[in-house]
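Student: Read off the chains here:
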Amino acid sequence: MSAAVSSGTVLLPAIVIGPALVGALLVLVRTRLVATTAGWVGVVTVGLAAVASVIPAAGGATASTDFMLGAELGVTTFGPAAVILPVILAVAALVLLAATATPETRAARFTGLMLLFTAAAALTVLATSLPTLLLGWEVMGAASYALIGYRYVDPHRVGSGATAFLTTRTADLGLYLATAAALAGGTDLSLSSLASIEGGWRDVAAAGILVAALGKAAQLPFSFWLARAMDGPSPVSALLHSAAMVALGGYLLLQVSPLLAATGWADDAAAWTGAATALVLGAVALAQRDLKQLLAASTAAQLGFVVLAAGVGATSAGTAHLAAHAAVKALLFLAAGAWLEALGSKRLSTLTGAARRWPAVGLLTAVALLSLAGMPPLALWATKDAVLAGALEHSLALYVVGLLGSAMAAGYAVKALVILVSHQPDVAPHLDEEEPGTREISPRVTLALLPLGLGAVTLGLLAWPSVLESLPGDAPLAPAAWELVASTAVVVVVGALVASLVPGPSGADGRQRGVGARLVSWLHSWLGLEALITAVVVRPVLRAADAAARLDDRVLARGVGLAAAVALRLAAATARLDDGFLARGVDRISTGTLQAAHTTARGDAGLSATVSGVALSARRAGRLVRRSSASGQLHLYYLQLVAGVLLTAVVLTVILLVGSPR
Amino acid sequence: MLSLLVFLPAVAAALLLLPGVSDRWARWCFVGVTALETALVVAMWVGYESPGSGELAYAQQRPWIPGIGASYHVGLDGLSLPLVAMTCVIFAACAVFALAESSRPRQQAVLFLALMTTCLGLFAAADLVLFFVFFDLSIVGMYLSINGWGHGERRRSALMFFLYTFLGSLALLLGFVGLYVASAPHTFDMVALAADPPLQGSGTTGVAVLGAVLLGLAVKTPTVPFHTWLPPAHTDAPAIGSAVLAGVMLKMGTYGFVRIAMPMFPDAWRDWAPVLIVVGIVSVLWGALVALAQTDLKRMIAYTSVNHMGYILIGLGAAGLLGDGSAATDEARRTAISGAVTQMVSHGLLTGALFLLAGVVWARHQDYGLDRYGGLASKAPQFATLFVLAALGSLGLPGLSGFVAELQIFAGGIATAPVVAVALLGILLMTAVMLRAVQSLLTGPVDGLSSDFTDVRTREWVPVAGLLALSVLIGLAPSFLLDVIEPAAQSVAALVGR
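Chains A and B, in that order, are what the protein sequence lines are. In terms of numbering that gives the first Met the number 0, the first sequence is residues 0 to 661. In terms of numbering that gives the first Met the number 0, the second sequence is residues 0 to 497.
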C-alpha cells in the first residue's frame, strides 16, 4: 500500500503537468515534425496519463506545493476524483483517437489546445484548495473558448466561444467571492474546510460556489451558452460536454455537498435547480431538430441529475451518474460528428436512416441512446434511479420532478433513435448543408466508440448497491422495487409514445402548426435565454461603455482643457496688468529718473553723464520686462510659481497654527 | 551595490554622449547595460534577506543637504525590490525592442538609460527629497521621449502629460513639506518618518496633508478622475515609451501610496480608506467600461491601465479598514497589500508586453484602429499567440501573474470591505474588452491592413515573450515573489494599524 501511495504521489502531478507541457509545446512550436505527428502525440500522451491515473486513483494519493494566499497548489485523488479522473482521461484519449481521423482535428494547434484543456480539467478534478481549483477551472474555460472558436476565420464561431467564456466567467466570479469568504472565515482555503466556516461567510462561500458550478454545468439560467458551444469541432463537444467542463460543474457540487448541506438552503437550491433543469432542458432537447443541439440540451438536463444528487447528498450516486453519462455522451457526440463529416449536416432530417447506412456506428449509437433514455439494464438507467432514490429520501416533489425529467430523457433519446434507424429516404434533405460531406466514417472513429459503448452498457454497475457503498461520498438507500418499475414504465410508455409520434423525414424538421407551435419554438430557441441576456445585459453594457467613453472624452478630458484655458486667460490678464501697470511703472520710474537727471544735469553737468547712463539702463530694463511679458507662457509659469509659493505658505501657516507639531 | 545599480545607466548614458559613438554601438550598449542591470538585480534578489520592519536591505546613507535634513539614503525591502527588478526587466525588453530604431537611436538610448536611473532611484530612495527629485526628473525624461520619438499629436500630448503630472508633483511636494515641518527634529528621511509619523494624532491637519500627497499620487497613478492625460500620452508615445510609462512610471504613484502615504500617515490613511476604496472601485469599472468602447488599440490598453491601477487602490484602501482587529481581518489586510504590490509587478510585465505588441502593429501600418485589421491569426500566427497570451494575462486568467494579484486583492478586499465585491464586475468587463480586441485584430477573414502584415521579427518577439514568460512564472509558481512581498506587506499593515 505504501509503495502504491508513494508512486501515486509522483505520478499524480505528472498526470497534470505532462499533458499541459506537451499541449503548450504543440501550440507554440511550429515545425514540420510537430505538424505531422501532433495527433498521435496527443493520443499517446493522454493515453499514458489515463493508464497512469489508475494507480493514484486506486491507491489514493496527494501532492502539493506552495501557491498563494497561504493555500497550497494541491492535488488529491481522495474523494470522487478517484472515479472521475480516469474517466476524463480515458474519454479524452478516445476522443483524440477519433479526432486523428480528420486533418483539421489532428493539427498541432487543435491537439495542443485539447491537451491543455485536458490538463486543466484534470487539475480541476484533483484540486484541494480554492486557488488550485480556480487555476484549473478558468484555464479550462479559456481553453474551451479557443476550442469552440477553433475555426477562427468564422466570426460566428469565435463569437460562440466568447459567449461560452463570458457566461461561464460571469458565474466563475462566485469562486472569487467564495475565496474571500474562506479567507474571512479564517480557513486555509482548502475545499474540505469550507463547511466548517462559521456564520454569514459560510453562506457567501456556498452561494459563490453554487453559482460558479451552475454556470459551468449549464444549469438554468445559464444553459444557453451550451447551445452556442456546439459550433466547435465535434471532438470538442465530445470532450467538453461529456466528461469535462460541463460535467465538472456538477462534480464541484458533489465535492462541496457538505458545505451546501451545512447552510440549510444551498442544498435545496441546488437540488431544485438540478431537477428543474433536468425537466426543462429535457423538453428543450425534445424540441431540437439538430442532433448536436439535442445532445447539448440533453447534457444540461443530465447534469441536472448530478446537481440534484449533490443537493440531496446522494453524492456517490451523482458520481456514478457523471461517469456513466461521460461515456454515453462522448460516444453520441463523436457519432454525431462523424455523421456531420460524412453527410455535411447534423440535422435530424438529414440523418434519417444514418444508423442503417453505417451499421457499426449505428449499433453503438443505438445502445448509447437507449442508455440515455434510461432503458434497463443499461448504465444511465441504474445510475439515474440511484439519484432519484436519493431525491425521494429528501422530498416526494423533487422525486416527481426528477421522474418527469427522466421521462423527457426517454422522449428525446427515443426520438433521435427512431429517426436514425428509420429507412433512408431516397433523397436526404439538406445534404452537405454545412460542409461538403465525405460519405465515409473512418474505422478509427468506430474503434474509439467501442470502449465508450462498453461503458454505456456496463457503467451502471457503479450504481450496484455494494459498489455504490464503496464509492467516495454518501450513498442513498437502494431504490425500492416499485421505484425501478415506475421509472422503467415511464421510459417504456414515453418511448413508445414518442416512437409512434415521430414524423417521417420531411416532418423531422418539425414545422409544427397550431396550438403547441409557439411552445415548441420557444423550447427550440433554448427558452430564448440568449436573446434575453443580449437584450437585458449585453446591449445595455455596450451602450453604457459608449456613453462612458463619450463622457470621458467630452467632460473629464475637456474639464482639464478648460482648466488650462482658464489658466491661460488668467495669465493673459496678468500680462495685461503687467504691461499696463508694472511695466508702465518701471517706465515712469525711468522717465522720472531721466527728468531728475536732466534737472541734476542742469545743476551738475559733471554727474549728468553717469546719471543719464543709469536712467538709460533703467529704461532699457523696463522695456525688457515689457517685451518678455508679451509671451503668455512665461506668465503662466510665473503665476504657477507665485500660486505655489502662496499655497505652500498658507498650508505651512495652517500646520504651524492649527497643528500640534512636537 | 544598490548605488551602482541605480547610477550605472546614467554613467553609460553620459559615455554615449561622447562624440564618435556610432548608432550601432549605442543600440547594443543600451541592450548590454540593461542586461547587466538585470543580471545585477537577479544577484541582489538571490542575496536578499528580508530586513526587519522599518529597516532596509542594501542600505546606504551619505550626507547630502544637511541644512534641511535631506540625505542620500537608498535601500530595498519587499516593496521596492520587486519593482526595481521589474524596472530592469522592462528596460531590458525595451532595449531589445529598440534595436531597430532608426530615428536618432543614440539619443534615444541616452534618454532611456537616464530615465532608467530616475526610475530605479525613485524605487530605491529612502529620502523624500531624493524621491521627489527622481519623481520630477522621470517626468522630464518621459516628456522628451514622447515629444522626440512619438507620433500623431505628440507635442500636445507630451505637454499635457508634462503639465498635468508636474502639477501633481507640486501637490506631492506640498505634502512632503508638510511632513517635514511637522517632524521634530525636521527631517525628510523616509525611514525616520515612517518610524515616528509626525502628523499622527493631529486630526484634520494630517488628513489635509495626506490629501495633498494623495492628490499628487492619484494624478501619477492615475485614478479616475485624474486619468485623462494617460490615453493621449500613450497613444502618441513611441512603443518603448508607452511600455516604460505604463509599466514602470505609473507604479511611482502606487508605490508612493504604499511607501509614503500608508506608513507616514497611519491614522489619516484610515480616515481616507473609504474614499480610496470608492475611487478604486470607480476606476476599475470606469477604466474597463471606457476601454470597451475604444476603437484604437493603444487607447484601449491605456484605459485597461486605469482599471488595473484601480485594483491596487482597492487593495491598499481595504488595508486601512481595521474592522474588528481579529486575526482573520489582519490576514485579509496583509493579503490585500500583498496583492496590490503583486499587481504593480504584474501590470508592468503584462502592459509592457501589450504596448510592445501595439508597437509591432504601428511599425507595420502606422495605424492603431482595431477595425482596420482582421484575421491576423492566419497572417501572423506568432504575433497572435503572443497577443492572446498577453490579453489573457490582462484579463486576469489564472496561470498568469494578474490572477495572483487580483485574487489576493479581492480575497483580502472583500473580507475587509464586502462592497469591494462590486469591483468583481471589472474582471468580467476586462474579459469582454480583451476578447473584443482579440476578435477584431486576430480572428475573422484576413481583412483591411492585415493583408501584408508580416509576423513578429526576432527583436520583437524575444522581449515580449520574455515579459510573458515571467508573468507565467509568477502565475504558476508565485512563491519566489510572494516570499519577498509578504513580510513587507505585513509590516505595512502593522504600520497602518498603529
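Warning: the hint list may mix true and false statements.
To be verified - With the C-beta cut set under 8 Å, the calculated list includes, among others, these residues of chain A facing chain B: (1) Tyr151; (2) Ala427; (3) Ala544.
Said to hold, decoys possible - Chain B regions said to be covered by chain A (calculated; three or more residues, Cβ under 8 Å): (4) 238-252; (5) 394-402; (6) 425-431; (7) 434-448.
It should be emphasised that the hints constitute simulated quantities derived from the structure, not laboratory data. Since the model is a prediction, treat every value here as computed from it, not as a measurement. The beta-carbon is built from N, C-alpha and C at its ideal position, and this holds for glycine as well.
Student: If a hint holds in the structure, say so; if it does not, say that too.
Tutor: Hint check results:
1. Taking 8 Å as the C-beta contact cut-off toward chain B, the hint placing Tyr151/A at the interface holds, the least distance being around 4 Å.
2. Of the supplied interface hints, the one on Ala427/A is violated, with its beta-carbon coming no nearer than about 31 Å to a beta-carbon of chain B, more than 8 Å.
3. About 4 Å separates the beta-carbon of Ala544/A from the nearest beta-carbon of chain B, less than 8 Å, and the hint is met.
4. Residues of the region 238-252 of chain B lying with their CB closer than 8 Å to a CB of chain A number 0, which falls below the three-residue condition for coverage.
5. Note: the region 394-402 of chain B has 4 residues with beta-carbon separation from chain A under 8 Å; the three-residue rule is met and the coverage holds.
6. Figure legend: the region 425-431 of chain B, annotated as covered by chain A; annotation consistent (5 residues with Cβ-Cβ distances under 8 Å, at least 3 required).
7. Restraint check on the region 434-448 of chain B versus chain A: 6 residues with Cβ-Cβ distances below 8 Å, three needed, restraint holds.
The structure does not agree with the numbered hints 2, 4 stated previously, though it agrees with the rest.
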